[in-house]
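If you want the building blocks of each chain, they are given just below.
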Amino acid sequence: MGKILIVDDTLFMRTLLKNILFSGGHTIAGEAVDGDDAIEKYRELKPDLVTMDVVMPKMNGIEALKGIRSLDPNAKVIMCTAVGQEQMVKLAIKTGARGYIVKPFQAPKVLEEIKNVLGS
Amino acid sequence: MAEIPVKIERDGTWHVVKIIVDKDQIQIPAPFSLRIPYKQIIDLREKKNTLSITIRGNPEKTILLATVPQAMLVLKRMIALSCSAYRLAAYFMSPAIRGGVLVTDARWEKGSIAVMKTGIWFVSEAQQVCIPLTDVTGIEVTKREVQKKQVDVVKIDHMENADVVTSYVLCPLSTLQVLFDFLKDATKEMEMRGDELDAVSAQVGMLIYSGMDSRAIESMLSISYDQLDGIFEKLLNLGLIEVTHIRKEVQLTPKGVRFITEAVKPPT
Chain A
1 MGKILIVDDT
11 LFMRTLLKNI
21 LFSGGHTIAG
31 EAVDGDDAIE
41 KYRELKPDLV
51 TMDVVMPKMN
61 GIEALKGIRS
71 LDPNAKVIMC
81 TAVGQEQMVK
91 LAIKTGARGY
101 IVKPFQAPKV
111 LEEIKNVLGS
Chain B
1001 MAEIPVKIER
1011 DGTWHVVKII
1021 VDKDQIQIPA
1031 PFSLRIPYKQ
1041 IIDLREKKNT
1051 LSITIRGNPE
1061 KTILLATVPQ
1071 AMLVLKRMIA
1081 LSCSAYRLAA
1091 YFMSPAIRGG
1101 VLVTDARWEK
1111 GSIAVMKTGI
1121 WFVSEAQQVC
1131 IPLTDVTGIE
1141 VTKREVQKKQ
1151 VDVVKIDHME
1161 NADVVTSYVL
1171 CPLSTLQVLF
1181 DFLKDATKEM
1191 EMRGDELDAV
1201 SAQVGMLIYS
1211 GMDSRAIESM
1221 LSISYDQLDG
1231 IFEKLLNLGL
1241 IEVTHIRKEV
1251 QLTPKGVRFI
1261 TEAVKPPT
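These protein sequence lines are chains A and B, in that order.
Anchor point for the first sequence: position 85 equals 85 in this note's numbering, and the numbering is continuous, going up by one each time.
Anchor point for the second sequence: position 174 equals 1174 in this note's numbering, and the numbering is continuous, going up by one each time.
Incorrect hints may appear among the rest.
[What the hints assert, rightly or not] The list that follows gives simulated cross-link-like pairs (lysine to aspartate or glutamate, EDC-like), each with its CA atoms no further than 20 Å apart: (1) A:LYS46 / A:GLU31; (2) A:LYS115 / B:ASP1105; (3) A:LYS18 / B:ASP1043; (4) A:LYS18 / B:ASP1157; (5) A:LYS76 / B:GLU1145; (6) B:LYS1248 / B:GLU1262; (7) A:LYS103 / B:GLU1046; (8) A:LYS94 / A:GLU31; (9) A:LYS90 / B:GLU1145; (10) A:LYS90 / B:ASP1152; (11) A:LYS46 / A:GLU63; (12) A:LYS90 / B:ASP1213; (13) A:LYS18 / B:ASP1213; (14) B:LYS1047 / B:ASP1213; (15) A:LYS58 / A:ASP48; (16) A:LYS103 / B:ASP1185.
[What the hints assert, rightly or not] Cβ pair distances, simulated, as ranges: (17) A:ASP72 / B:GLN1127: 49 to 57 Å; (18) A:ALA82 / B:ASP1226: 44 to 52 Å; (19) A:PHE22 / B:MET1190: 27 to 35 Å; (20) A:SER23 / B:LYS1255: 43 to 51 Å; (21) A:PHE22 / B:ALA1263: 47 to 55 Å; (22) A:PHE12 / B:ASP1152: 53 to 61 Å; (23) B:LYS1023 / A:PHE22: 53 to 61 Å; (24) A:PRO73 / B:GLU1125: 48 to 56 Å; (25) A:LEU71 / B:THR1050: 53 to 61 Å.
If you're looking for bench data, these hints aren't it; they were derived computationally from the structure.
Quick reminder that beta carbons are idealized off the backbone N, C-alpha and C, glycines included.
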């Protein structure tokens, strides 16, 4: 089980992810609403894993991923994006994302992916 | 020629026989005594561990058989590649996404697509995947990067057990369009206009997709039991959801209150 930071600009998605993570026995380290906030919260909370939305205001998820990886090269970040933005996958993986989930998603699969990444 | 032990169903009873799989036909011995040329097979369905084979005729005849996984692979491959179906050479990636999670070791496989009466089959050296048309939840032509080039592919979303799975098909543009049009037409009953749902109902739909139960939905969207019930009714009428079970809401009877009161008393 891990301490997880949820990064998403929409309250709805953050709440959904929070519910899924709780049901899987994880704890929520915190929530961030954009890339800048994500880097700040990562520095402050040192979570075991981050779920990171790709499209966000101010700083997008890819830039935030770069920022977090510069703070901690071993950071475990799972990117989260909408259908149709799969072209971002390669860029995110190249930047160091450990996993990728596409909205809409199913809770058991998300928990499975988080377990894999936490165990890696 | 290969001899394969199988179980075949007839009138509710399973019979163990050894069928002969030839290059152009299947022979089933007594008590069935059938010779089935592949070209007479018009449909093939896989349900759990059984294979349902439909043979042309008036009326059509359907054979239900089961066998060990290794033999099943041989049978599926032979039938899907040789039966009467619209077939095209293609590359496919299945599954590419499962339950919203990207399958990291997914790769393009060279093979064939066989379009049959009730479903489509992806057949390659390594695997045979059947997607029943009734399980297709979305089709679109989209772009994927293949060998550093953006190419058109057909994206097929479908249900596999309880998982929502995304698969991709890559083939020449003209055949791609034929496949897309066929699938679009075969699944048109599932299409919605898009203006039939308000924002809250759509959010409820998304939460159901993600596996949230009624209580979680009520709490996440700050809606009452009655409001959620009304939304469920709307989604039911549109054919978007089905009732899986009804949870009872209860309160204690006087007998129940007495029992609980007694039960929590410290022992004397």
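These are the hints, each one checked on the structure:
Taking the CA atoms of LYS46 (chain A) and GLU31 (chain A), the gap is about 12 Å. The hint holds against a cut of 20 Å. For the proposed pair LYS115 (chain A) and ASP1105 (chain B), the alpha carbon gap of about 17 Å is at most 20 Å, so the pair holds. Restraint check: the Cα-Cα separation between LYS18 (chain A) and ASP1043 (chain B) comes to about 45 Å, which exceeds 20 Å; the hinted pair is violated. Between LYS18 (chain A) and ASP1157 (chain B), the direct Cα distance comes to roughly 26 Å. Violation of the 20 Å bound is thereby established for this hinted pair.
Our distance criterion of 20 Å between C-alpha atoms is broken by LYS76 (chain A) and GLU1145 (chain B), whose separation comes to about 25 Å. Using a Cα cut-off of 20 Å, the hinted pair LYS1248 (chain B) and GLU1262 (chain B) is violated, with the two alpha carbons roughly 25 Å apart. The straight-line distance between the Cα atoms of LYS103 (chain A) and GLU1046 (chain B) is roughly 29 Å, outside the 20 Å bound, and the hint therefore fails. Pair hint LYS94 (chain A) plus GLU31 (chain A) does not hold up; C-alpha atoms about 25 Å apart against a cutoff of 20 Å.
Proximity of LYS90 (chain A) to GLU1145 (chain B) is assessed by CA-CA distance (about 9 Å); at most 20 Å being required, the pair is judged to hold. A distance of roughly 18 Å separates the Cα atoms of LYS90 (chain A) and ASP1152 (chain B); the hinted pair therefore holds under the 20 Å criterion. Only pairs whose Cα atoms come within 20 Å are accepted, and LYS46 (chain A) paired with GLU63 (chain A) is accepted, the gap being roughly 18 Å. At roughly 34 Å between alpha-carbon atoms, LYS90 (chain A) and ASP1213 (chain B) are farther apart than 20 Å, so this suggested pair is violated.
Taking the CA atoms of LYS18 (chain A) and ASP1213 (chain B), the gap is about 14 Å. The hint holds against a cut of 20 Å. Using a Cα cut-off of 20 Å, the hinted pair LYS1047 (chain B) and ASP1213 (chain B) is violated, with the two alpha carbons roughly 28 Å apart. A distance of roughly 24 Å separates the Cα atoms of LYS58 (chain A) and ASP48 (chain A); the hinted pair therefore is violated under the 20 Å criterion. Straight-line distance between C-alpha atoms of LYS103 (chain A) and ASP1185 (chain B) comes to about 26 Å, which puts the hinted pair past the 20 Å bound.
A hinted range of 49 to 57 Å is violated for the C-beta pair ASP72 (chain A) and GLN1127 (chain B), which are about 39 Å apart. The hinted window of 44 to 52 Å between ALA82 (chain A) and ASP1226 (chain B) is violated, with their beta carbons roughly 32 Å apart. The hinted range of 27 to 35 Å is satisfied by PHE22 (chain A) and MET1190 (chain B), whose Cβ atoms lie roughly 33 Å apart. Here the CB-CB span from SER23 (chain A) to LYS1255 (chain B) is close to 35 Å, at odds with the stated 43 to 51 Å.
Between PHE22 (chain A) and ALA1263 (chain B) the Cβ separation comes to about 30 Å, which falls outside the hinted range of 47 to 55 Å. Checked against the hint of 53 to 61 Å, the pair PHE12 (chain A) and ASP1152 (chain B) fails, with Cβ atoms roughly 32 Å apart. Checking the proposed 53 to 61 Å range against LYS1023 (chain B) and PHE22 (chain A) shows it holds: the Cβ atoms sit about 57 Å from each other. About 40 Å separates the C-beta atoms of PRO73 (chain A) and GLU1125 (chain B), a value inconsistent with the hinted range of 48 to 56 Å.
Look at LEU71 (chain A) against THR1050 (chain B): about 54 Å separates their beta carbons, and that is inside 53 to 61 Å.
Comparing the model with each earlier hint shows violations of hints 3, 4, 5, 6, 7, 8, 12, 14, 15, 16, 17, 18, 20, 21, 22, 24; every other hint is respected.
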